[in-house]
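Engineer: Here is what each chain is made of, one letter per residue.
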Amino acid sequence: MLNERIKPIVMPKWGLSMSEGKVTGWLKEPGSPISIGDELLEVETDKITNVVEAGESGILRRVLGEPGNIYPVKTLIAVVADPDVPEDDIDAFIASYAAPSGDEDEEDEDAAPRYLFTETAVGTIRYARRGEGAARVLLIHGFGGDLDNWLFNIDALAENATVYALDLPGHGQSTKSLPEASLKGLAAATRAFMEAVSIDKAHLVGHSMGGAVAMTLALEAPDSVASLSLICPAGLGQEINGNYIDGFVSAASRRELKPVVENLFADPGLVSRQMIDDLLKYKRLDGVNDTLRALASAMFDDGTQQDVLAGSIKDTDIPRLVVWGELDRVIPVAHASALDSAARVEVIPNAGHMVQMEASGKVNALLKEQIGRKA
Amino acid sequence: MSRKISMKQAINEALDLEMSRDPTVILMGEDIVGGTGAPGEKDAWGGVLGVTKGLYGKHGDRLMDTPLSESAYIGAAIGAATCGLRPVAELMFIDFMGVCFDQIFNQAAKFRYMFGGKAETPVVIRGMVGAGFRAAAQHSQMLTPIFTHVPGLKVVCPSNAYDAKGLLIQSIRDNDPVIFCEHKALYGFEMDVPRESYAIPFGEANVLRDGDDVTLVSYGLTVHRAMAAAEILAQEKIEAEVIDLRTLSPIDRDTIIDSVERTGRLVVIDEAHPRCNIATDISAHVCQHAFGALKAGVQMVTAPHTPVPFSPVLEDLYIPSAEAIAAAARRTMGITAADQTVAA
Amino acid sequence: MLDNPFPLNKTDLLKAYRTMRTIREFEERLHVDFAKGDIPGFVHLYAGEEACATGIMMHLNDNDRIASTHRGHGHCIAKGVDVHEMMAEIYGRATGACRGKGGSMHIADLSKGMMGANGILGAGGPLACGAALAAKHRKDGGVGITFVGDGASNQGMFLESLNLAAVWNLPVVFVVENNGYAEATAMEWAVSCDSYIDRATGFGLPGVTVDGTDFFAVHEAAGEIIRRAREGGGPALLECKMARFYGHFEGDAQTYRAKGEIEDLRANRDCIKLMAARLKEAGLAAQEELDVIDQEVAALIEDAVRAAKAAPLPQPADLLQDVYVAY
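For the record, the sequence lines run as chains C, E and Y. Taking the working numbering, I'd label the letters of the first sequence as residues 1 to 375. Taking the working numbering, I'd label the letters of the second sequence as residues 376 to 719. Taking the working numbering, I'd label the letters of the third sequence as residues 720 to 1046.
Hints are computed from structural coordinates only; laboratory data are not their basis.
Here are the simulated EDC-like pairs of lysine to aspartate or glutamate, each with C-alpha atoms no more than 20 angstroms apart in a straight line:
1. E:LYS379 - E:GLU565
2. C:LYS283 - E:ASP567
3. C:LYS258 - E:GLU636
4. Y:LYS858 - E:ASP397
5. Y:LYS858 - E:ASP436
6. E:LYS493 - Y:ASP781
7. C:LYS47 - E:GLU614
8. C:LYS201 - C:GLU132
9. C:LYS13 - C:GLU132
10. C:LYS47 - E:ASP587
11. E:LYS612 - E:ASP587
12. Y:LYS831 - E:GLU495
13. C:LYS281 - E:GLU579
14. E:LYS493 - Y:ASP1041
15. Y:LYS734 - Y:GLU1000
16. E:LYS379 - C:ASP278
17. C:LYS47 - E:ASP567
18. E:LYS612 - C:GLU66
19. Y:LYS734 - Y:GLU939
20. Y:LYS992 - Y:GLU939
21. C:LYS7 - C:ASP91
22. C:LYS283 - E:GLU571
23. C:LYS22 - E:GLU606
24. E:LYS493 - Y:ASP1037
For each label pair, taking beta carbons as the anchor points, the in silico distance ranges come out as:
25. E:ASP587 - C:ASP278: 21 to 27 angstroms
26. Y:GLY951 - E:SER395: 24 to 30 angstroms
27. Y:GLY951 - C:GLY287: 38 to 44 angstroms
Keep in mind it's a predicted model, so treat the numbers as computed, not measured. No residue lacks a Cβ here, since even glycine has one placed at the ideal position from N, Cα and C.
Bound-form chain C, shown alone (with noise of 0.2 angstroms):
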């Protein structure tokens, strides 16, 4: 029998579609005590490069994983235990290690397809859905987004809460046209996404326009928002980066698109070519870039946001948090005082306007917390 003092470091699987990822070096040397929460590598995927954080803490014992090397998702990479297991012990915990064979992740897909379609009133919308827990989450992405970046956090957050993460319209994969594009259009068809799947009420976590949205939804229908938990939003003050939505809209290139999205994190090296690519092939699908600007035009105008919802938000009692990433430079951190007392606010350090990716583990403890408090 196994020891249950060892605890296995495997490849993580980030999001709906990583299937592998590459080691490209290790934060902890072997033998190092580590704790939780602690940065042990670095990980590359195809669409972005992060970090693996703890989850058990020990001595880390044996580093599997070379640095230049890909595995699949779940392969055992590195393995923590307390100090005084046996070497032996170890040794056995590794050779009976069962990896996952590629027949069972086919059946995972099956189980649980990693997308999900459904009609709505405004056309159809594609989400993913992940956990099983009494809480529900809706996840709402920006400008421009869509539920693939929510790929660090919507598995860390169905620990214990069904979370929903949806491409709003003109976005992702799902309808391309929106016939009111605007904030409240958005939030109207974000209330008809939630209808379709028999949401009543959810926590919305918004990032960005999708922050926004999520409080135009609060303030039109307050009954169905458990909580709102906005990242980096929009809708908190006047000020927006108006080249980097200029930037986005008109970009065709790669050459034109990757400096422009790279605004977008603290580290300009996240951007990868498979995330310009992604990027790229969304923005080429026929009618994307005409509702993206509609939107633009209609929130972002000359680079200044027409919708500061703070006031509004102010008065009403729905529990919120913020959290803004200290270097974002597309929406200034100064908003993140906006709501005053109202709002609990957490500025993280050393992270951009995606900082639920660069600072994942964070972001998603902040978030699990906002979820779980009593209402």
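Once you have looked at the hints, place chains E and Y on chain C.
Structural biologist: Below, chains E and Y alone, put in the same frame as chain C:
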């Protein structure tokens, strides 16, 4: 929403979507329907390799079979394009340009300029290119450099299904004549392709693989050979960046220069003959504009200066191989065959 | 006053006369100015052949398309291309019909249905088929007309067009302007069959031969063929036997022609003189009326030359303009 389809299906889908979107889009070519006037069924072929199969059932007489008469129907497509239609003419094998080239390079290519910018010729001429089909000297050529040489023609050569669909849609929407080169060996190659319409702009190369040691540039079938070469090189700890040109006119030189400025080494792969081809063109440009960045002489891997041979053993030698590309990359790294033996 | 024996009213007849005179004056003037060295490149003159272009084009509107030849000035004028823009183009000016990019051999004005003069002999056949195909697709009753000389009537692409037009039943008319010479080679030697009617028949379309110096004959035959094409009756071939007053191009010494041949043509087969005589004979126009038209035409051409010479030249930056819509 996307699903896996072949390049042949992607081309069919692009034609279908554009015909549905725009009633001025018409298709013509030899047996693109098949069976016209014959006693049996119509839509018997859908093109000699079945690329247009099924479109007749949806779009009817907007697909027109033609007599074996390339000069007349390619010219008619060009004439109709100047009169408000958007014809897509299929030149079965690109080799048949020989019997209709005047209409392509003296007529279609010239109108906009020669008429002072007052004429538009939104015609697409699709043709199969490339070797590997045991089709011998008159049905296997690339000929892309010949079209690329002519101002006024846009030249496209996709390497995969996603690109083929987006580039063909762009070709049909483009207001200039486009020569759309389909490598017949890639028709069966499958990949994820969105169901929706999308257009890939011309003049934007695709970077298929990142690498800091050497830049491999190609288009069409040999993109796949370059990727295979990159895998071989990776085993030897040489990281190759692979660039797929997608369009040859316009050509994305900036992406190549950016890459070479980082890697300092360039291998250009072209299935066309070695003289005055895409590889020589890119080599010359890089030598002129990024000479300082080069750490080694530019290497070119091309087909030989021969017609395409028939016998499979010879034809297999004719097309640039992954090993030949890897060897060229090693030469830019200063690694000789002798080094290889020692390493082995 | 006699009854009008023609199927055209006086206004139209005088319009036709004016068109023919405009072509003649335009070409005669180019002949003179070319010799002076004022005009770059080379020009092929339509003088003597005016009745053909005019008789046919009177049946067409701007929605009908023509694909012309290297000898295209007459087709342009008869199709309504602006004479000032044509002259400026021939002078290589920025104000030319093609902004100085085309020259004599490539004058085009698609807004008038003029798809372009063409330096490639026989190339207009497929292009006119395309124009006819577009008209057929739109069901707008438009027709495509292509002109070839007797020389280009041997081109493969022209012959292929005859077959394609018949197979697709296109509203297209193939006009063979037979002036007896393919450049310097005799039609009798270079064209293998005796009659263009036979050649048309071989491709399954009707052929008609008319005296191309007789405006009325051309007008009548073309009218019937074009009406038939418009109504879905399919393509046809019209051979017009022409009289070429000048050489293949300006500067051609024409030593291959018979002694006295041109003088005879000018004296006895000048289509304008023949038409004027018929008009006067029928009492439809007095010499004075025709003189007024002649003077107005002369003034128009004089003004076109003056304006062309005064017009701005293209700028160096124009060299790189208009190769692609975007690039």
